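Given the structure of chain R, go ahead and fit chain U onto it with the hints provided.
From first to last, the protein sequence lines stand for chains R and U. In this text, residue positions in the first sequence follow the working numbering: the first is 8, and each later residue adds one. In this text, residue positions in the second sequence follow the working numbering: the first is 8, and each later residue adds one.
Check each hint, because a few of them may be wrong.
Unchecked claim - Partner residues aside, some chain R positions facing chain U, computed with beta carbon under 7 Å:
{"hint": "1", "residue": "54"}
{"hint": "2", "residue": "96"}
{"hint": "3", "residue": "127"}
{"hint": "4", "residue": "131"}
{"hint": "5", "residue": "133"}
{"hint": "6", "residue": "140"}
Stated by the list, open to error - Facing chain U, according to a computed beta carbon distance under 7 Å, are these residues of chain R, among others:
{"hint": "7", "residue": "30"}
{"hint": "8", "residue": "39"}
{"hint": "9", "residue": "56"}
{"hint": "10", "residue": "59"}
{"hint": "11", "residue": "109"}
{"hint": "12", "residue": "134"}
What the hints assert, rightly or not - Covered stretches of chain R (chain U as the covering partner; in silico rule of three or more C-beta atoms under 8 Å from a C-beta of chain U):
{"hint": "13", "segment": "84-94"}
{"hint": "14", "segment": "110-120"}
{"hint": "15", "segment": "141-148"}
{"hint": "16", "segment": "182-190"}
The set of hints was computed from the structure by calculation and includes no laboratory data. All values reported here derive from a predicted model rather than from experimental measurement. Virtual Cβ for every residue (Gly too), placed ideally from N, Cα, C.
2 protein chains.
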Amino acid sequence: MELSEDELTAAIVRVLSGAGPEVIVGPGDDAAVLAAGGGELVLTADALIEGVHFDLGITSARDLGYKAIVVSVSDIAAMGASPHAALVTLALRADLGAAWVIELYGGMRQACDEHALWLVGGDLSRAGAIGISVTVTGEVAPGRAVTRAGATPGDLIAVTGALGASAAGLRVARSGRVRSDLDRTLLRAHVRPVARVGEGAVLTRHGATAMMDVSDGLAMDLGRLARASGAGARLRLVDVPVAGGATIADALGGGEDYELLVALPGLEALEAAAAELREAYGTPLTAVGEIVAGEGVTAVEPTGAERPLAPEGWDHFRA
Amino acid sequence: MELSEDELTAAIVRVLSGAGPEVIVGPGDDAAVLAAGGGELVLTADALIEGVHFDLGITSARDLGYKAIVVSVSDIAAMGASPHAALVTLALRADLGAAWVIELYGGMRQACDEHALWLVGGDLSRAGAIGISVTVTGEVAPGRAVTRAGATPGDLIAVTGALGASAAGLRVARSGRVRSDLDRTLLRAHVRPVARVGEGAVLTRHGATAMMDVSDGLAMDLGRLARASGAGARLRLVDVPVAGGATIADALGGGEDYELLVALPGLEALEAAAAELREAYGTPLTAVGEIVAGEGVTAVEPTGAERPLAPEGWDHFRA
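With the rest of the complex left out, here is chain R:
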């Protein structure tokens, strides 16, 4: 395919343009937002495809089900919304037994229980490879959804938690050797990611101007946030919180961390949000840069040297 995922998405968004006033946030953000009744309905959908997003050689049915739910819940969290219900369409290879399918749903059920949402329906079909598509609905107070598009120059950029653990955990899984507690921690980060639902609500309350989850690596996702906001960004590499056992390359290009990337209107908001996140959830919030006029992401090296940062994240169409 000659286009990147982002270019193809942009072309699709043009086909779909012209939505009515009910559509508060349309295609292209973490989730869509619609006026519904007295509130706002938040909607997101993601698919996990065997051989692209997972490999049964290194993932159990239960972990796979768990992760399939979390990936979409994370998009709801990134809007500052609360998850409400999940729907699953499942394409299954004929050689998988009923026990495998029940394990998969058991993992989904567990993720739904932990993130306080209902798994209410879906659809089953046969296929040559496993495909799991999960839609999650959420709720947000009118006007409170946080998109990728609201950041302005001068806003500070921060991330929750630490980055790169999922990519490092995938290396552990592929090696087939779990040799230490650190390996176990990294593996768990890969197979059992956490969606930052409570954190998203706190960041929204502290005035987040733009927010998204880090699903494709910080380099690519910060580029998306800056582009959606019509601005550029400076990223201080030395400040990027890299998970223990991971590398800065994992943090910038690995993906699947599901931490929140947020723009906040100043140091006071950032410090207040950080204090509340630490107290309420034990989750760090780390300032890593700022929104600037212009376009693209500029990396600031430890030496102070600056260079354009290539979007080395996970691109399904160029990988």
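Same frame as chain R, now just chain U:
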């Protein structure tokens, strides 16, 4: 796989049991219904998989996109609800160009425009075969959603439109020869099905006790409606409205007609609904049998002889 689709679905529903009071209709019906704000939110998801549900040798990208939306809108219609928004996750083969994808979305956009809903988001990935999963949300007034489970002995069973055209149209498509206007009509029924949204609302207003769309053939789907209602059904084969160019076998076992199968509380309701459907939409409503005590579907032959009707519909796991 050792279980049928219905048996596996039943096992999954058990894993997911224990939903809270917000969940008005859970897994196992055409769509789920949740309390949300002041109203009720209706949710459904369906997947179309290349090689299982469609074949690019006989389906254009535009027709495929159109149908992918209609399949899920039909589930919303079958609850007596109005569609609101659609989300699409798309798994694409790497050899498909951007032009093909834009055509596909063009067909989805057309179906959304015709059925008055917004296509608000989704997700793209690579895969070895094309998979399209569509979630549609809808709205219904509190307490007005019509499930499969409310029919009681004595209710009359009716279907909208005529059945079997889609299966006959698939034969035309596979033959590669469109030789007559009838062939063209059948082909169109297969590639451009219609979701009976307005009809579902009319049937609800006339007191429908149970309703579903006929996606897997009348034999299987009537069996599902009767089972969900804890009852049996008698089906008068001579009264089944078979589309011109189709056979009774197409109507009973073909599937993908997306007509509505409805139970109504008596002849007066049925005649009033039929009159309104004819006048408002030009859509026939045909009485084909009744709900009875017991279980299973009994076919009444033209001779008056009765026999149990096997569920010869489309079962993804036994086909």
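Structure-based check of each hint:
Look at residue 54(R): its Cβ gets to within about 4 Å of chain U, closer than 7 Å, so that hint holds up. Contact between residue 96(R) and chain U, as hinted, is supported at the beta carbon level, the nearest pair being about 4 Å apart and thus within 7 Å. Of the supplied interface hints, the one on residue 127(R) holds, with its beta-carbon coming within about 4 Å of a beta-carbon of chain U, less than 7 Å. A distance limit of 7 Å between C-beta atoms decides the matter here; for residue 131(R) the minimum to chain U is near 6 Å, and the interface restraint holds.
For residue 133(R), the shortest C-beta to C-beta distance to chain U is roughly 5 Å, which falls under 7 Å, so the interface hint holds. Taken as an interface hint, residue 140(R) checks out: its beta carbon lies about 4 Å from the nearest beta carbon of chain U, inside 7 Å. About 5 Å separates the beta-carbon of residue 30(R) from the nearest beta-carbon of chain U, less than 7 Å, and the hint is met. About 4 Å separates the beta-carbon of residue 39(R) from the nearest beta-carbon of chain U, less than 7 Å, and the hint is met.
Given the 7 Å rule on beta carbons, the hint for residue 56(R) holds: about 5 Å separates it from the nearest Cβ of chain U. The interface hint given for residue 59(R) is met, as the beta carbon of that residue sits about 5 Å from the closest beta carbon of chain U, less than 7 Å. Hint on residue 109(R) holds. Least Cβ distance to chain U is approximately 6 Å, under the 7 Å limit. Contact between residue 134(R) and chain U, as hinted, is supported at the beta carbon level, the nearest pair being about 5 Å apart and thus within 7 Å.
Counting residues of the segment 84-94 of chain R whose beta carbon lies closer than 8 Å to any beta carbon of chain U gives 3, which reaches the threshold of three, so the coverage claim holds. Beta-carbon proximity to chain U at under 8 Å applies to 3 residues in the segment 110-120 of chain R; the threshold of 3 is reached and the given coverage holds. Residue count for the segment 141-148 of chain R with a Cβ under 8 Å from a Cβ of chain U: 3. That meets the three needed, and the coverage hint holds. A stretch counts as covered by a chain when three or more of its residues have a beta carbon under 8 Å from one of that chain; for the segment 182-190 of chain R and chain U the count is 0, and the coverage is violated.
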